[in-house]
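J.: Residue numbers (our numbering), protein chains in the order written: chain D, 305 to 835; chain Y, 6 to 304.
Keep in mind that the hints were calculated from the coordinates and are not lab data. Certain hints may be false.
[To be verified] Simulated restraints on C-beta separations:
1) Y:Leu190 <-> D:Gln584: 24 to 32 Å
2) Y:Leu190 <-> D:Leu362: 29 to 37 Å
3) D:Thr323 <-> Y:Phe286: 22 to 30 Å
4) Y:Lys39 <-> D:Thr325: 19 to 27 Å
5) D:Arg691 <-> Y:Leu138: 30 to 38 Å
6) Y:Gly83 <-> D:Thr323: 52 to 60 Å
Quick reminder that beta carbons are idealized off the backbone N, C-alpha and C, glycines included.
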Amino acid sequence: MSDTLLEIDNLTVDFQLPTGTVSAVKHVSFSLQPGETLALVGESGSGKSVSSTAAMRLLPELARTSGAIRFKGEDLLRATPRRMRHIRGNAISMIFQEPMTSLNPLHRIGRQVAEVLEKHRGLKGRQARAKVVELLEQVGIPDPARRIDSYPHELSGGQRQRVMIAMALACEPELLIADEPTTALDVTVQAQILALLKDLQARYGMAILFITHDLGIVRHFADRVCVMRRGELIESGPTAEIFDTPRDDYTRMLIDADPRGRKAPVDPSMPVLFEAKNLQVRFTLKKRLFRASEHFEAVRGIDLTIRRGQTVGIVGESGSGKSTLGRALLRLLDSRGEIRFDGQDIAALDTAGMRPLRSRLQVVFQDPFGSLSPRMTVGEVISEGLRVHQPALDRRQREARVIEALEDVALDPAMRNRYPHEFSGGQRQRIAIARALVLKPEFLLLDEPTSALDRSVQVTVIDLLRDLQQKHGLTYLFISHDLSVVRALADTVLVMKAGQIVEQGATEEIFANPREHYTRELMRAAFVDAA
Amino acid sequence: MTTDTLPDNRLSLSEATAGESLGRDAWRRLKQNKAAMVSLVLLVVIAVTCLIGPYLLPWGLAEVDWNAFSVAPGLDSGHFLGTDANGRDLLTRTLYGGRVSLSVALVATLVSLVIGVLYGAISGYVGGRLDNLMMRFVDIMYSLPFMFLVILLMVVFGRNIFLIYAAIGAVEWLDMARIVRGQTLALKQREFIEAAHALGVRDRKIVTRHLIPNAIGPVIVYVTLTVPKVILLESFLSFLGLGVQEPLTSWGVLISEGTDMMQSAPWLLLVPSLFLATTLFCLNFLGDGLRDALDPKTR
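Full structure from sequences and hints, please.
T.: Here it is as structure tokens:
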């Protein structure tokens, strides 16, 4: 095995925390050949990122590592800091998940890419600049000679990730570690970035260690797959083998994690609950004193009808206006146009006028970490709406309602006196759902409620939402960029792009034969066809 | 990362039912913090001593003991902590001085806390034109020279200790308002605020129940910085002849007088310094403890 590029041998990483030792990685071994793509797959907390950061020796101080990480025979765990600096960015380089924060906002992108070249290749001035332009061109940045002087905020998320890739490839590394490089990107952009990586790999012959939680991506991308769970390597093998004959139950569950089932259809003669006509939302970008102000039209004239008991799915990429539309319908944002809820025109109501309706219109947000106040107990969070809408209830009655709501979302009611940070993402999302349900609403706006969750947790939350809908006769407006989730939940689908609806229809119909090019694009990128 | 390390959902009921609200929980956590509790007890002891001590001591604030000028601390003379060059009992004067220093600190900090936090939270939460107006008012207050303000107040109302409270209070809340406004602007973007809107929670409640409790960390840190600042500001005013006047005194004044006699009578500097330093030390520990106690993430 002399040609092995990277060999991780019995690696263990412990974090020494004040509360005790936490083992993030336990006796993990795998190896990577030159030019090969290995995918490290696992859910949050599985230790996949920790193992790869260990290879770069970039773990925090608290970490204790044992075992060996051999890069071309050299044990990196015992290399001097000076030697590591030479290896990083040169022989091994890394790209990260968050393109929005991994570039320094104060420096032009050309300068940031040139920094690597300066450090490892000694290129300066015009030479470095020429090389940067060449790199930017290779990663598909349009008009690189001009873009080289852009600041990160002038680029889109996908373009920033391309710049990160250019930086990583500047010294033609033998190993590229890609830590969830496409997770923060829209599906269509995601597909482009993956194609780019594949293309560059063919050109440079580098090996890629690809870390992801999404097995769907891996199928088309990796040569071999390692599945990790709770710090342990539970299964590894060639991609096709893992997908065709998974040995472990957990792997099988990950492969099957696409939400299943369809929603039972609703009688089309059900009364209309929500109706919007020519809804428009615009944000003022710049106020001008004497000239017209600059505006951004986030939602441009949308008509929408939601019948009782229905679930309407809205899909679109970031910036398509789907979240804005949802917030405008609930009058959390100012809008123009007509909004009718249960026959009543609510577009013109003020805050006080909306208040009685708020208990019937509830919302669950995307980020389960941001949507619960960290200084309130779960019980306080859930009962807050009751204090507003049913002030007559005494403490005991409120408590009973909180318990009922927690049982509805399958959480132990004894947990109501704990604080949100003590719960996992999926549990928090259940708490957020309980907060909405405790008021016994008729309508629920679900704004990407599953996007921040692990695949396996996602499935349980979707099942829960479907059960609750049936049990309480709820009407949903479900906003998501994830087509497979929408397919499992929605009766009808609206596809949004740039503030407008480009296509709408019954879910099965849209998925079976999408008419618009954009819809087809979305589906192809989301790998729905592979299912 | 927390997903898998979390314990199983089932908890013993006794643990789960302990602690109902942030306030009670915070008190429970504060009690576990030894440094903070010792500091709290010490602070109470110092405050109570300053309050009732002078009545128990045989000497008055301005009473001159003709037999004892610049006597060193000791038991024989009856002046436990010695006397100053005018034969006045130092312990008595330090305790009287403590009343002034502590009350200035308390009032000015309370004013800065109440006005500053509310002002900042409202300004940041409402935003837009009101925010602009409110913050420009703060800017104007900032740009007024502090001395000018104090002298102006003196001219209008005459010399009075309450003027010091008013003057210091009027200035100290400005920083607090800015800090809280900044916090509020960041918190306002969070989804739990939007969730509260969607629940129909009134603006007043959103500010008091969601914004202020979540901004409390930096506020407490700032308060522990404000107290020493205020005590020193008062002594500075007194030094210029604008603050407390003889025979009344304060810790700051005693220290500045003691500095002059450092060579011949070091106790005149050491005694009030020790009181002041202990108080500030305790306040810092207590502030740290409070900040941790009010954050449910620290257990």
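J.: Using the beta carbons of leucine 190 of chain Y and leucine 362 of chain D, state whether their distance is inside 29 to 37 Å or not.
T.: holds (33 Å)
J.: Return holds or violated for the Cβ distance of threonine 323 of chain D and phenylalanine 286 of chain Y against the range 22 to 30 Å.
T.: Holds - the Cβ-Cβ distance for threonine 323 of chain D and phenylalanine 286 of chain Y, about 29 Å, lies within 22 to 30 Å.
J.: Go ahead and decide if the range 30 to 38 Å is satisfied by the Cβ distance of arginine 691 of chain D to leucine 138 of chain Y.
T.: holds (32 Å)
J.: Given a hinted range of 52 to 60 Å, is it respected by the beta-carbon distance of glycine 83 of chain Y and threonine 323 of chain D?
T.: With Cβ atoms ~56 Å apart, the hint holds.
J.: Does 24 to 32 Å hold as the CB distance between leucine 190 of chain Y and glutamine 584 of chain D, or does it fail?
T.: holds (27 Å)
J.: Taking the Cβ atom of lysine 39 of chain Y and the Cβ atom of threonine 325 of chain D, is their distance within the range 19 to 27 Å?
T.: Holds, at about 25 Å.
Violated hints: none; the structure is consistent with every hint.
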